[in-house]
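*Asks:* From first to last, the protein sequence lines are chains A and B. Residue 118 in our numbering sits at position 118 of the first sequence; the count goes up by one each step and never skips. Throughout, our numbering is defined as the position within the second sequence, counted from one, plus 278.
One should not assume that every hint holds.
[To be verified] Computed footprint of chain A on chain B; a stretch qualifies when at least three of its residues, placed anywhere within it, have a C-beta under 8 Å from a C-beta of chain A:
| id | stretch |
| --- | --- |
| 1 | 341-351 |
| 2 | 397-406 |
| 3 | 526-534 |
[What the hints assert, rightly or not] Derived Cβ-Cβ restraints for the label pairs, each shown as a range:
| id | chain 1 | residue 1 | chain 2 | residue 2 | range |
| --- | --- | --- | --- | --- | --- |
| 4 | A | Pro138 | B | Arg301 | 55 to 63 Å |
| 5 | A | Ile230 | B | Gly392 | 28 to 36 Å |
| 6 | B | Asp312 | A | Phe97 | 49 to 57 Å |
| 7 | B | Thr503 | A | Leu168 | 25 to 33 Å |
| 8 | B | Gly450 | A | Phe97 | 16 to 24 Å |
Think of the hints as simulated: they come from the structure by calculation, not from any bench. Note that CB positions come from ideal geometry on N, CA and C, so glycine has one too.
One letter stands for each residue in the lines below.
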Amino acid sequence: MLALLLVVGVWELYKLIGPQDGGTIFGWTILPRANDTAMPHVWEMLSRYAQPENRASDTPILIVVLQGAWFTFRIALTGLALGTAVGLGLAVLMARFKVVERGLLPWLVLSQTVPLIALAPLVVSWGGRLHVGEFEWPRWLSAAVLGAFLAFFPVAVGTLKGLTSTPLASLELMASYAASWRQTLFKLRFPAALPYMVPALKLAATASVVGVIVAEISTGLAGGVGRLIIEYAREATSDPAKVFTAVFGAAALGLVMYAIVTIIDLVGMRNRPREAAE
Amino acid sequence: MSAPEGTNAVEVRGLSKVFNAGRPGAVEALVGIDLVIRPGEFVSLIGPSGCGKSTQLRLIANLTEPTTGEVLVNGKPARAARLDQDYGMAFQQAGLFEWRSVTKNVELPLELKGWDRAKRRARALEMLELVKLSEFADHFPWQLSGGMQQRVAIARALAAHPPLLLMDEPFGALDEMTREHMQTELLRICAETSTTVVFVTHSIPEAVFLSTRVVVMSPRPGRITDVIDVALGPERTVDTRETEAFFARVTEVREALRGIQPADVEPDIEQVVEER
């Protein structure tokens with residue numbers, strides 16, 4: 001909360017003292033412009049939420065942004081679930097077979113260097129060609145897949161680290177009980193990996209939101225907050241506060257996803273010793 | 279569960295173990311080990327660091343394979359005995375699962391055997407009563423002291439009523455008072471459950487107080503140099519520690535250890551973990 005006020009303070013302070021047309025150092029425009037078009041006042045952004053989206057409508061923009069965020073939220077959640085499932089599956093495979101880890105891990109790293117914008121149209125066109133019986137590939141599913149594409153990586157890497165960091169003594173204990181690999185996985189390795197998986201899931205949660213928003217923008221999927229950002233940005237000169245309403249909507253969405261993982265964390269770790277909290 | 283009459287609890291014949299065999303840095307951890315342990319015995323393995331006492335215990339537990347020789351547990355090859363859960367094991371670190379309650383920790387071996395919930399619960403509570411921790415059944419491991427955690431580990435090791443208990447310096451991390459208390463408790467528990475015990479330690483009084491026999495080992499290469507009978511009788515109490523007979527045995531074990539040079543192998547070969 002304090003941090004938020006600080007950001008607002010810095011923003012308004014810069015508006016007060018910053019150069020109106022941007023600062024120029026050695027002929028390069030470096031400092032951002034502090035005029036009302038580039039940096040609207042914070043209260044203008046907030047009051048913009050109460051006004052309608054455009055002259056033709058009378059729903060306040062707050063409702064429009066919330067609806068967009070809700071639309072994006074559902075896709076991002078699907079993407080996160082999908083990405084987590086894939087990530088966990090890959091992590092288990094890599095933990096089980098050293099060969100798979102050696103063969104697969106470099107490709108996973110490589111996959112994250114492919115720009116999402118380049119991938120988005122491809123996923124849409126693959127999905128469009130996919131027909132399994134009655135099942136039609138909906139457009140939003142492409143966006144979810146792209147969210148999952150960003151989300152699976154931290155989950156796979158974090159879980160792999162967790163699954164392979166099991167204390168040797170505990171593994172020997174399980175061996176002394178003649179436990180199968182599967183029993184060891186579910187009764188020992190996964191619970192022991194949880195502290196490694198939670199930060200990975202937090203990364204994945206925010207990554208899935210980013211993935212979906214980029215996918216909305218680059219595939220032209222209407223209805224979500226990503227689309228709103230692009231639409232409102234076009235009106236930036238005439239209505240500068242408008243785009244910020246959508247940007248904040250997207251940021252809030254990321255925070256909500258993060259909060260969901262934090263709740264999972266608190267529930268999952270409720271019986272563990274908490275050194276950090278003391 | 280228990281073996282037929284006349285079967286030895288543990289039988290070790292011509293056992294040797296070489297780490298990194300055939301490569302530079304090969305370490306002869308054990309050579310020419312022969313040892314027979316009868317049911318109901320309490321046998322301690324004692325020796326300086328690097329004498330292979332932990333390795334020998336791990337061979338009996340089939341947590342590692344011998345280079346030569348054979349190990350029979352309960353009349354079966356060690357591997358078969360492990361798969362049948364013929365022994366329970368306790369380590370220096372209690373090694374409780376921090377995400378499980380005390381009861382759930384004790385239930386672990388029973389869960390792995392596929393017992394149903396009610397039966398597991400009943401046995402776990404019975405075991406906690408045995409180690410006098412009934413009122414901590416729903417606590418979590420981090421809420422217990424080191425000695426209490428180790429008692430839970432013993433309850434867990436004995437939950438399936440194995441005829442044999444293997445212990446690797448289980449009281450090594452405890453303070454002296456707790457340690458003596460735990461020793462008395464261990465003797466009581468083993469008497470009540472008629473469990474055979476193989477116990478690794480480097481404390482001479484601990485070995486003498488607990489054991490019917492003390493096996494003295496020496497390093498480079500790890501081998502048995504002496505076996506000492508401790509005829510102190512089955513009833514051992516706090517007072518036993520102050521008897522002439524007790525001191526005499528402690529002296530005897532100390533003298534058996536005297537000629538032995540401590541190994542200066544670094545790292546301690548007991549810590550050498552085989553590539554699995």
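*Asks:* Now look at each hint and say whether the structure bears it out.
*Replies:* Hint by hint, here is what the structure shows:
no., hint, verdict
1, 341-351, "violated (count 1)"
2, 397-406, "violated (count 0)"
3, 526-534, "violated (count 0)"
4, A:Pro138 with B:Arg301: 55 to 63 Å, "holds (59 Å)"
5, A:Ile230 with B:Gly392: 28 to 36 Å, "violated (58 Å)"
6, B:Asp312 with A:Phe97: 49 to 57 Å, "violated (40 Å)"
7, B:Thr503 with A:Leu168: 25 to 33 Å, "holds (30 Å)"
8, B:Gly450 with A:Phe97: 16 to 24 Å, "violated (36 Å)"
Against the hints set out earlier in the document, violations occur for numbers 1, 2, 3, 5, 6 and 8.
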